[in-house]
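A.B. asks: Which chain is which? The protein sequence lines are B and A, in order. Mapped onto my numbering, the consecutive letters of the first sequence carry residue numbers 1 to 146. Mapped onto my numbering, the consecutive letters of the second sequence carry residue numbers 1 to 445.
A portion of the hints provided could be inaccurate.
[Stated by the list, open to error] The following residues of chain A were derived to be distant from chain B, with all beta-carbon distances above 10 angstroms: (1) Thr-18; (2) Asp-30; (3) Ser-57; (4) Gly-128; (5) Asp-152; (6) Glu-163; (7) Lys-274; (8) Asp-356.
[To be verified] Cβ-Cβ distance ranges computed for the label pairs, FRET-style: (9) Lys-101(B) x Leu-237(A): 18 to 26 angstroms; (10) Thr-33(B) x Thr-74(A): 50 to 58 angstroms; (11) Pro-182(A) x Thr-33(B): 20 to 28 angstroms; (12) Gln-206(A) x Thr-33(B): 28 to 36 angstroms; (13) Ser-72(B) x Lys-177(A): 45 to 53 angstroms; (14) Lys-186(A) x Gly-51(B): 35 to 43 angstroms; (15) Lys-45(A) x Phe-53(B): 28 to 36 angstroms; (16) Ser-91(B) x Ala-370(A): 41 to 49 angstroms; (17) Glu-43(A) x Phe-53(B): 21 to 29 angstroms; (18) Glu-346(A) x Ser-91(B): 42 to 50 angstroms; (19) Phe-53(B) x Val-229(A): 49 to 57 angstroms.
[Claimed, not checked] Below are the DSS-like pairs computed for lysine-lysine, each with C-alpha atoms no more than 30 angstroms apart in a straight line: (20) Lys-197(A) x Lys-100(B); (21) Lys-211(A) x Lys-100(B); (22) Lys-56(B) x Lys-202(A); (23) Lys-71(A) x Lys-52(B); (24) Lys-56(B) x Lys-380(A); (25) Lys-52(B) x Lys-100(B); (26) Lys-52(B) x Lys-253(A); (27) Lys-197(A) x Lys-101(B); (28) Lys-435(A) x Lys-380(A); (29) Lys-199(A) x Lys-211(A); (30) Lys-197(A) x Lys-56(B); (31) Lys-71(A) x Lys-56(B).
Since the hints were made in silico from the structure, they are not lab data. Where a beta carbon is used, it is the ideal one built from N, C-alpha and C, also for glycine.
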Amino acid sequence: MNSGMASGPTLRYDLVTDFRIRYRMSNYRMAETFILIPGRTSDQGCGISEGKFLEKYQREINTLMVAVGDMSRLGLADGDFVRLTSEEGQSVEVAVSTAKKDELPNGMLFIAYGDISSRLMGGDTHGSGMPTSKGMDVQLEVVSQG
Amino acid sequence: MVSSTETVAVPGALKIVTDATCTFCGCVCDDIDLTVQDNHITEAKRACVLGKAWFLSHSIEDRPSCLIDGKPATLEAGYDRAAQILTNGKYPIVYGLSDSPCEAQRVAVSIVDWINGTIDTTTSVCHGPSGMAFQGVGEVTCSLGEVANRGDLIIFWGSNPAESHPRHFTRYSLMPKGMFLPNGRKDRTCVLIDVRKTKSAKAADQFIQIKPRADFEALWALRALAKGVELDPEAVLRDTGVELSVWQGLMDKMKAAKFGVIFFGMGLTMTRGKHANTEALLALTRDLNAFTRFAAKANRGHGNVSGADNVVSWRTGYPFGVNHSRGYPRFNPGEYTTSDTLANGEADSAMTIACDPMANFSQPAREHLAKIPFIALDAKETPTTRAAAVAFTVATYGINTGGTVYRMDDVPIPLRPAFDSPHPSDFEVLTQIEKRVKLIKGITS
Ligand code: SF4
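Could you build the full structure based on these sequences and the hints that come with them?
C.D. replies: Now the structure itself:
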């Protein structure tokens, strides 16, 4: 893991209480580099047919899976929020969930294909027509806990 | 073009459609028995979880067939406006098509030809890099029927069929009792290679977890082992995250197989290296044919993405990312592919067909698409149809309309629709737009 440059947290008044914001600021950490793998999941696939605006699909594409070891090292619990920033500087905030025991090695994140993963893709396709959409370096910062 | 079967006339009457075709993924299972009642599918026998969601969630969209600037409009007005948008542009693009039947894809290519536009399909953001690799290295291939009957070593690389193609194992690659594999699964060995221990690992005899972004290195290590080149164990472990002895063990299995197949997914094509990763895999497959029979197959995602490759290839000579601005087709991934024409701000008008770039594309590409006039055809409401200048709600292929699709192994499969839709098919919409485009352009042929 490399330590990345930290930038100040963006406050999300619409989504968290003042208490959470104060708590978050007192727990502010440096960003770390992770490798993000977006991919297909069953629920995301079913959600395409059932309706992209329905809760099942939205929940699936807006949940970041984090390895068990990284969750405990960062003091994260399911439902906490982290900010991911791509190499191109695009940022998203997303809720985390603990990955199944050995599904992810430490240092790797997984998210179902969707709006969040697309926001983190760069526009450059390196002459291939395909933006790098898996194995992307992202900076992770914890933004809200508990 | 077959447009649909007869409607269920009597309310409440049951209708059974046997051997219907599921077009949700590239497996294109054509053995689904549908029970239809009052224009709803109540049962989809043999469909997997994704196929069930595809069939059982299907209902006739209670939306206008055409919206112009978000307001209901007549289809005629929509066709006129669409033709104006496409003919007014200096750099019009047409994109999508992997969830449309071949008959509709053919019309889309004609429109692009008339307007000197650029055509691209969702292949460019799934196996486009594989398409580039096929041209560079060639493809040793086979049908899924051959896999079912002969494949005794099945390798999945960067692919998670348990979640993306749930019947792949049971219908084609692992479970079938084949002509030369009478004991089915017992006669086969399955190896999964991935950076993540996916749900597919349970189905495999061996899981090899490689370092992220090390596919190219791992494939070249295998190429070296195939040729008997001596490798430094430390370098192999450092570069691939896997011991040399594990790769040697795999190579021994590959050479001992009677008929090996590597199914590869977007773990290769979407990761740094892209077409170079796939080239390495195709070259390894070719190398192995010096020892035994080996084939490679891309696990294709959408139901007719293989059809899009075929149709665009036979119409233009190239599979995707084809520009007609000079009056003849030119192919250049990275320039004429939609991620690029949008993110670079070049396209000035667009038509998207059965795809959702507003949800799936990079932020710069989405921002540009939002700025230009575009037409969207989709069976469902999506972020893309919401942002379109003209949005057509179309009948769903395979459920409401017939036609032909290509399975992921390029085998054409007919569609058997279950019931009619009040919405037009994408073939009908595109045919009407083409007529108007020709009128505007003064083309009489
Ligand atoms: S494997 Fe694919 S084609 Fe077959 S039923 Fe499932 S979703 Fe449909």
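A.B. asks: Each hint needs a verdict: does it hold in this structure or not?
C.D. replies: Hint check results:
{"no.": "1", "hint": "Thr-18", "in the structure": "holds (22 angstroms)"}
{"no.": "2", "hint": "Asp-30", "in the structure": "holds (18 angstroms)"}
{"no.": "3", "hint": "Ser-57", "in the structure": "violated (5 angstroms)"}
{"no.": "4", "hint": "Gly-128", "in the structure": "violated (5 angstroms)"}
{"no.": "5", "hint": "Asp-152", "in the structure": "holds (27 angstroms)"}
{"no.": "6", "hint": "Glu-163", "in the structure": "violated (5 angstroms)"}
{"no.": "7", "hint": "Lys-274", "in the structure": "violated (5 angstroms)"}
{"no.": "8", "hint": "Asp-356", "in the structure": "violated (8 angstroms)"}
{"no.": "9", "hint": "Lys-101(B) x Leu-237(A): 18 to 26 angstroms", "in the structure": "holds (24 angstroms)"}
{"no.": "10", "hint": "Thr-33(B) x Thr-74(A): 50 to 58 angstroms", "in the structure": "holds (54 angstroms)"}
{"no.": "11", "hint": "Pro-182(A) x Thr-33(B): 20 to 28 angstroms", "in the structure": "violated (51 angstroms)"}
{"no.": "12", "hint": "Gln-206(A) x Thr-33(B): 28 to 36 angstroms", "in the structure": "holds (30 angstroms)"}
{"no.": "13", "hint": "Ser-72(B) x Lys-177(A): 45 to 53 angstroms", "in the structure": "holds (46 angstroms)"}
{"no.": "14", "hint": "Lys-186(A) x Gly-51(B): 35 to 43 angstroms", "in the structure": "holds (42 angstroms)"}
{"no.": "15", "hint": "Lys-45(A) x Phe-53(B): 28 to 36 angstroms", "in the structure": "holds (29 angstroms)"}
{"no.": "16", "hint": "Ser-91(B) x Ala-370(A): 41 to 49 angstroms", "in the structure": "violated (19 angstroms)"}
{"no.": "17", "hint": "Glu-43(A) x Phe-53(B): 21 to 29 angstroms", "in the structure": "holds (26 angstroms)"}
{"no.": "18", "hint": "Glu-346(A) x Ser-91(B): 42 to 50 angstroms", "in the structure": "violated (26 angstroms)"}
{"no.": "19", "hint": "Phe-53(B) x Val-229(A): 49 to 57 angstroms", "in the structure": "holds (54 angstroms)"}
{"no.": "20", "hint": "Lys-197(A) x Lys-100(B)", "in the structure": "holds (10 angstroms)"}
{"no.": "21", "hint": "Lys-211(A) x Lys-100(B)", "in the structure": "holds (19 angstroms)"}
{"no.": "22", "hint": "Lys-56(B) x Lys-202(A)", "in the structure": "holds (25 angstroms)"}
{"no.": "23", "hint": "Lys-71(A) x Lys-52(B)", "in the structure": "holds (21 angstroms)"}
{"no.": "24", "hint": "Lys-56(B) x Lys-380(A)", "in the structure": "holds (16 angstroms)"}
{"no.": "25", "hint": "Lys-52(B) x Lys-100(B)", "in the structure": "holds (25 angstroms)"}
{"no.": "26", "hint": "Lys-52(B) x Lys-253(A)", "in the structure": "violated (43 angstroms)"}
{"no.": "27", "hint": "Lys-197(A) x Lys-101(B)", "in the structure": "holds (10 angstroms)"}
{"no.": "28", "hint": "Lys-435(A) x Lys-380(A)", "in the structure": "holds (25 angstroms)"}
{"no.": "29", "hint": "Lys-199(A) x Lys-211(A)", "in the structure": "holds (18 angstroms)"}
{"no.": "30", "hint": "Lys-197(A) x Lys-56(B)", "in the structure": "holds (24 angstroms)"}
{"no.": "31", "hint": "Lys-71(A) x Lys-56(B)", "in the structure": "holds (28 angstroms)"}
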